[in-house]
Every structure is written in structure tokens, then in C-alpha cells.
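Sequences are here, hints too, so could you generate the full structure?
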Amino acid sequence: MDLYEHQARELFEEHGILVPRAEVTDSPKKAREIARGLGGRTVVKAQVKAGGRGKAGGVRLAADPAAAELTARQILGMDIEGHPVRTVMLAQPVDIQAEFYVSYVLDRAAGRFLAIASAEGGMEIEEVAASRPEAVARVHVDPAEGVTSAKAAEIAEAAGLPPQTVDVLVRLWEVLVREDALLVEVNPLVRTTQGRIVALDGKVTLDDNACLRQSRWGAYGEAGDDDPLEAAAAAKGLNYVRLDGEVGVIGNGAGLVMSTLDVVAGRGARPANFLDIGGGASARIMADGLSVVLSDPAVKSVLVNVFGGITACDAVADGIVQALDTVRLTKPLVVRLDGNNAARGRALLDARAHPLVQQATTMDGAARRAAQLATTA
Amino acid sequence: MAIYLTKESKVLVQGMTGGEGMKHTRRMLAAGTEVVGGVNPRKAGRTVHFDERAVPVFGSVTDGIRATGADVTVVFVPPAFARAAVMEAADAGIGLAVVITEGIPVHDSVAFTAYAKRRGTRVVGPNCPGLISPGQANAGIIPADITKPGRIGLVSKSGTLTYQLMYELRDTGFSTCVGIGGDPVVGTSHIDCLAAFEDDPDTELIVLIGEIGGDAEERAAAYVREHVTKPVVGYIAGFTAPEGRTMGHAGAIVSGSSGTAHAKKEALEAAGVRVGDTPTETARLVSALL
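Protein sequence lines, in the order shown, are assigned to chains L and G. Residue 24 is where the first sequence starts when you use my numbering, and the numbers rise one by one after that. Residue 5 is where the second sequence starts when you use my numbering, and the numbers rise one by one after that.
Rather than coming from a laboratory, the hints here were simulated on the basis of the structure. It cannot be assumed that every hint is accurate.
Simulated crosslink set (BS3-like; lysine-lysine; CA at most 27 Å straight-line) [what the hints assert, rightly or not]:
#1 G:K14 <-> G:K27
#2 L:K259 <-> L:K354
#3 G:K152 <-> G:K234
#4 G:K27 <-> L:K259
#5 L:K174 <-> L:K226
#6 G:K121 <-> L:K174
Anything over 12 Å on all C-beta distances counts as not near chain L; from chain G, calculated [claimed, not checked]:
#7 K14
#8 R57
#9 R278
Glycine residues also receive a C-beta, built at the ideal position from the N, C-alpha and C atoms.
If you want it as C-alpha cells, here you go:
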């Protein structure tokens, strides 16, 4: 889960990293009051989980409270890369002497975290890395030791950062570890004309797997961002991602479902969703899954692709048959069962003889049929 | 022969007495695996009966190894306890820890994979189906009865795609199938398995299954070009996955322009790997080569 800038800012502040004074609002009128409280001149920043805010006009300087209200009104309701702007953060401007870049990111291949730092902050680090790779320092962090002062000094020196940044590097590591983050990034980290090191903008990605031990994360709930069908699926505990096609897809196992989407796309149709019902494929999960997929108005046909491994196909077929009793099928359903007890499973579905249900014996054949039904419907 | 797991392997199960542990221990035994004990500090000294087989429960991995000579552990404990379980197994000197558990915080996986590596313990997983050497042993949750022993080695991030290929190629059969797991950080990589299969005299051809996210497949492609002489057939899932969305597996996410299925397929093909467009076509490519 990505955090908004203002949430990242709060985490940094809690861990003793200097940040500009700032407040968040969804109201232009309130923006004027906030600007007044912050001393008049403010930076108004769109709060969206997307890059390129500055280029899109989502970060602007407002000279006084009246300008802050006007600017907030303009920014609120903007759409930045498909993300509607629902809140703005107003921050006190900072007099910048130098801009740096620091982050801790997960290096998947190495299986450990990597400190990335550069004395050339303020722009996209990928651009710096591409044009001047020698300006970007990359230092692996040993998970057993973490970032000690000595390690932070090593990172700062490798990147050519001033010694005052060492403390920030240590605290930023604490944010990463204590908050179970997969990414913390400060860009830019600035030295002000007064010589203070301030985190001017930040990005934090939290590890969804850690939500059980991070009780405060409930406050980060992002219901407003969710597609209504994704929210409904999440409420039922389903692993569902909405896409923009017309063939609903249900399958067991993330890899097989991803593969099914690809095979549907290869047959000239577009998948409407990703839905992994896991190994069990019980009647209840199948019914929940079917009802979510069928409530997408774009769906013209549904493809159920199940490989019976741990759960044999007759049990899966039984689940589908029971689900058909509780969910009113409104679109054609193509079922492909393969694996253990496939013949018995297919016989169960044949015996149910639902007029909208047809079977295919192969994944490719099932995808072809579902694509045909969706494109000719 | 096979890789990592053979009929000589003696297997402990951490979390054997839980629901999943019981279900899959029964299946592992049925597949001929020598399951020599469970580990649960609160149930030490008891015996669990699986049909006619009596399996003792030990209080620690160390006790289990001392009593049985176990060299493999399969970890079914809940996510919150996985880190301690793997570290305990590594401290006890186990050779291979297969971590089935899904949903382990990444900081924990980073910690225990590094810890285990330092102690010479190979970790497979987490969030994986385990590995099977058909006809010899099964460590994890892969269904054993959908294929047979043979000369294909398979390494995959995905469980069900592994099963799909095992089934499609059941008449040819497999030396070992390793599900390395769908998490961002895993203990055993595609490359580790490629190297082991290259050295395994019983493996004639290698199937490599990947999916979106990270650059493990690109790295594997470079490794194939440099070090693998046996034929490799690949399959990649996730061409239609949108950027920035996690597709079921915690690690299956395209970030910006990195981690795409296209890049992985291209890298593999550039390394001489034949890549199928569907699982079925992938199976056909394998059959044509054998």
C-alpha cells in the first residue's frame, strides 16, 4: 500500500526527521485559513498516489491566503494520471540551498534492502541514474545489522552527501523497519539556507503482509480510491482486480489466472478481471466470485478455469453446481476443468445441464469459446 | 537422482499438527515421502497417526534432527511465527527449509533468508507449493498424483501453473519440480534451480515458468546463456496485467516499465530459450524437444 505524501510526512516527523509545517484539507476555504496559520505564503500540493504531480500542475506556490484558496480550488478535482485529487496539502515554503535524494528500496534479486542516495536530488532518480550513473550511490544493508551511524556515514560518503544527513539516514531506516515499509524515499531531502536538513517530499510503500502487526494502518484505509466492485470483492475476501475487458475470468492460483487472462487476450477478447479463488474453490467462494464478476456490466461471458490438483475436479464441479443454485446466471459461462477426477467433474456439470453453461476440455479451447461468446454478444 | 529432494530425504514438518499441516503430511506420506516427525513445542512427545503410520512430535527442530537424522523441514506455521521457525531450523543445522506459509511480512523474509544462508541452510519459498521429486519424495503441497517420474526439471514462481505443466507433461514425467514462490523475496531463485538441474544427470530438459514482477527471469536468461547446456523451455504469465497492480502473488507487480512479461519473454528468447504463448503450447515445445 502506497501512502499519500502527507501520511509519509507524518511518519517522518514521528521518527524525528525535520519536515516543513503543513496541513491537509479537501476545502478551498479551509485552505485559506491554513495558509494564514502557516504565515501566508504556502506551497499547495495535490495529494495523489501518482508521480509527475509537478509537471501536471498539481504543485503550486501561493503568495497569500487568498491565492491559496484559489489554487486549492483549481487543484482539487484535477485528475493526475487517472487519480482524482481529493485533498491538498499546504506546506510552509523552505529556502533551499541544496537538494539531495535518499531512499531505501527492496532489492528483490539480492533479497535485501538497498540504500540509494545522490547529491543530485529534486528530479527523478531514474533520470539521474541514466544520465550520470556515477552520481548515484547504491549500498546494500545487512538485515542483521541495519543502518547504524557508521553505515549511514558510509552511504552519505558514497553519495557525497553532507555529514548532517547521517542522522536522517539512520532515522529513515527506523521508519522502514518499524513501519514495515518496502520503500521509503525522500526526494528532495534539502539543506536549507539555515543549514538544516529537511525532508521536503516523501514516498512510503507499506508491506500489505505486515498489516496484522501494524494496527494503526486501519487509518490509512483508502476506500475512496477503490473501484466499487473491487471493494465488494475485498469485503468477501476475494482476490479480485478489475480490468477493462468483457470476459470475466475466475480461476485457482495467481499464476494460472494471470495465464488465463493472457490466453483470453490471445483469442481476440479482453479480460474483464483477475479473480483467484485459491485452491479450495468451495461452493461459497465460487458463488461469491460469480456474483462479483457478473455484477460488472461490461462482462459479456465468464470463463472459469480450474486445475484440480489438491482439490479434485469433482469437488470443484460440485461447488459450481451449488453456486448456480444461489447466483442467477445472466451471461454464458464456459467451464474448463482439468486435473484430478476431471471426467467425474465434467459429468457433474453435464448432469446439471444449465442452459448457459458450456464446457471445454482445454484451457485454450475454453478461452477461445469465452472470447467468441463475448465478442459476438 | 533429482535436485534438493530425493528418496533418501528425511522430512520434518513444522506446524504438522495444524489443519494444513495434518492434511499435507498425510499427502506427503502417501506420495512415499519419509516424514520422520513433526515439530511443536506444546505437543512434544506425542505421536500422530496417519492411517497406519505413526509420526512422533518433537519439541524442537534440534530434537527432531537428533532423533531421526532429518535433513529437510517443511514449514506450515502461521506468518507471524515463520521467521522464528526458519531461524530455529537453520540454527539446528537443517539442510533444506521449505516454507509454504503465505503472507509473511517481507522484512521477516529478508531476515530469515539471509540468516539461513549464513548457516548453510537452503530456503525454498516462502509462499510456495514446495518441491517434489516424483516417485521419490514430496515436500510441500504439490499434488503428487498428477504426474510421474521422468527427465524434465521444472522451476516456477507459480503453484497452479506448475501443476498445469506437470499434468500436461505427465506422460514424459519429471525429475524434480520446484515451486520457488511468488513473494518478492525468496530463498531459492530460478538460477539456483537452473544450476542444480544442469548438474543433475537425471534431468534432460528444463522448464522455467515465470511471471511479472522483479527481474528474476531476466537474470535467469543471462545465466542460461552463460552456463546452461541443456535445452530450456520457458513460459511467462501476466502479459495483460496492468501496471502498478498486485496480481494475486505479493511479488507479481509491474512497476513503471520494469517487471513486464514482454521484457522477460524477450530476454529468455534472446538467450535461446523457447518460450510458449500458452501453457499448452509450452508443453508441446517440450514434447517436441524430447
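Status of each hint after checking the structure:
1. Proximity of K14 of chain G to K27 of chain G is assessed by CA-CA distance (about 19 Å); at most 27 Å being required, the pair is judged to hold.
2. Straight-line distance between C-alpha atoms of K259 of chain L and K354 of chain L comes to about 22 Å, which keeps the hinted pair within the 27 Å bound.
3. A distance of roughly 21 Å separates the Cα atoms of K152 of chain G and K234 of chain G; the hinted pair therefore holds under the 27 Å criterion.
4. Under the criterion of a C-alpha separation no larger than 27 Å, the hint pairing K27 of chain G with K259 of chain L is consistent with the structure, at around 25 Å.
5. With a CA separation close to 22 Å, the supplied pair K174 of chain L and K226 of chain L stays within the 27 Å bound.
6. Our distance criterion of 27 Å between C-alpha atoms is met by K121 of chain G and K174 of chain L, whose separation comes to about 22 Å.
7. For K14 of chain G, the shortest C-beta to C-beta distance to chain L comes to about 24 Å, beyond the 12 Å cut-off, and the non-interface label holds.
8. Against the 12 Å criterion, R57 of chain G stays outside the reach of chain L, whose nearest CB is about 20 Å from its own CB.
9. Remark: the non-interface label on R278 of chain G is consistent with the geometry, its nearest Cβ contact in chain L lying 17 Å away (cut-off 12 Å).
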